[in-house]
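Asks: Residue numbers (my numbering), protein chains in the order written: chain P, 42 to 174; chain W, 146 to 239.
Derived from the structure by calculation, the hints contain no laboratory data. Check each hint, because a few of them may be wrong.
[Claimed, not checked] To be clear about the criterion: a stretch of chain W counts as covered by chain P if any three or more of its residues have a C-beta under 8 angstroms from a C-beta of chain P, and this derived list gives those stretches:
no.	segment
1	170–179
2	211–219
[As the list claims (entries may be wrong)] Using 27 angstroms as the maximum straight-line C-alpha spacing, the simulated DSSO-like pairs for lysine-lysine come out as follows:
no.	chain 1	residue 1	chain 2	residue 2
3	P	Lys47	W	Lys237
4	P	Lys164	W	Lys215
5	P	Lys135	W	Lys173
6	W	Lys208	P	Lys134
7	P	Lys151	W	Lys215
8	P	Lys135	W	Lys215
9	W	Lys173	P	Lys151
Bear in mind that the values here come from a model prediction, so they are computed numbers and not experimental data. Ideal placement from N, C-alpha and C gives every residue a C-beta, glycine not left out.
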Amino acid sequence: MTRSFKRSIQSLPSVFEFLGEFIDKERLSEGDAFTLRFASEELFTNLVKYNPESPSDITLSVTRDGPSAILRIVDQQAQAFDPTKRPELDLNKKLEERRPGGLGIHLVKKMIDKIEYQHVDNKSIYTLTQHLE
Amino acid sequence: MFSMTVGQSGEILLSGRFDAAQAEEALKTFNGLTSSAIVNFKDLEYISSAGLGVLIATQRRLKNTGQELKLINLNSHIRDVFRYARFDLIFKIE
Chain P
42 MTRSFKRSIQ
52 SLPSVFEFLG
62 EFIDKERLSE
72 GDAFTLRFAS
82 EELFTNLVKY
92 NPESPSDITL
102 SVTRDGPSAI
112 LRIVDQQAQA
122 FDPTKRPELD
132 LNKKLEERRP
142 GGLGIHLVKK
152 MIDKIEYQHV
162 DNKSIYTLTQ
172 HLE
Chain W
146 MFSMTVGQSG
156 EILLSGRFDA
166 AQAEEALKTF
176 NGLTSSAIVN
186 FKDLEYISSA
196 GLGVLIATQR
206 RLKNTGQELK
216 LINLNSHIRD
226 VFRYARFDLI
236 FKIE
């Protein structure tokens with residue numbers, strides 16, 4: 042299943058509706074559904090925030106590959122942003138020392154089994170693999 | 146869908162999905178809090194980092210005046226997110 046979405050936070054309900062179709066079709070567990078929604082939202086909103094000038098829509102595709110779900114997010118006209126190369130956050134800091142930013146990607150890396158990133162022809166391609174319960 | 150209601154006892158009940166599309170409105174409501182409060186997650190299915198950001202901003206503001214949020218009834222998936230984010234160091238969670 043593949044669909045494109047306008048580059049806006051207000052597209053999130055449509056993104057969730059799209060994911061819901063896949064979740065229902067594949068009868069994913071609540072835990073897998075949570076992880077899929079979480080990873081999709083965090084990457085999608087990151088692209089909205091950090092590549093706002095691109096006029097292109099953001100394309101999501103989600104497929105079943107045996108025991109895994111594969112989520113692919115393609116961002117056109119994008120500068121390279123490789124989430125796998127982000128430094129680890131220090132989450133043991135006290136409240137007053139914590140700074141916003143980077144938490145969503147950190148959590149996606151904790152929750153998703155495999156994240157691959159390619160930057161080809163000015164496109165960022167994120168491929169996330171989740172082994173299903 | 147997301148909703149946030151404040152009960153007579155001052156307890157805040159969250160329900161639905163607390164995502165980035167809801168964060169701005171939710172922050173306005175949390176900004177009205179001036180004293181300690183219980184946030185009940187009983188009907189909350191989902192939260193993302195945007196929702197976590199609203200909670201941590203509120204906790205930081207309240208702690209400056211000796212107040213705080215206490216979180217109750219988190220489902221197992223949300224509890225995992227709090228654990229991965231180490232928010233269990235920052236909030237009282239029951």
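Asks: Holds or violated: are the alpha carbons of Lys135 of chain P and Lys215 of chain W at most 27 angstroms from each other?
Replies: 17 angstroms, holds
Asks: Is Lys135 of chain P close enough to Lys173 of chain W, meaning Cα to Cα at most 27 angstroms?
Replies: The hint holds at about 25 angstroms.
Asks: Has the given pair, Lys164 of chain P with Lys215 of chain W, been kept, meaning a C-alpha gap of at most 27 angstroms?
Replies: 43 angstroms, violated
Asks: Would you mind confirming whether the straight-line C-alpha gap from Lys151 of chain P to Lys215 of chain W stays at or under 27 angstroms?
Replies: Holds - the C-alpha atoms of Lys215 of chain W and Lys151 of chain P are around 25 angstroms apart, at most 27 angstroms.
Asks: Apply the coverage criterion to the segment 170–179 of chain W and chain P: a residue qualifies when its Cβ sits closer than 8 angstroms to a Cβ of the chain, and three qualifying residues are needed.
Replies: Since 0 is below three, the answer is violated.
Asks: Tell me if chain P covers the segment 211–219 of chain W under the three-residue, 8 angstroms CB rule, please?
Replies: The restraint on the segment 211–219 of chain W is violated, since only 0 of its residues have a Cβ under 8 angstroms from chain P and three are required.
Asks: Would the pair Lys47 of chain P and Lys237 of chain W pass a check requiring their Cα atoms to be no farther apart than 27 angstroms?
Replies: Distance of about 38 angstroms is beyond 27 angstroms: violated.
Asks: Is the hinted pair Lys173 of chain W and Lys151 of chain P satisfied, with a Cα-Cα distance of at most 27 angstroms?
Replies: Answer violated: Lys173 of chain W to Lys151 of chain P is near 30 angstroms, above 27 angstroms.
Asks: Is the straight-line distance between the alpha-carbon of Lys208 of chain W and that of Lys134 of chain P 27 angstroms or less?
Replies: Roughly 16 angstroms separates the two Cα atoms, so the pair holds.
Checked against the numbered hints above, the structure breaks hints 1, 2, 3, 4, 9 and satisfies the rest.
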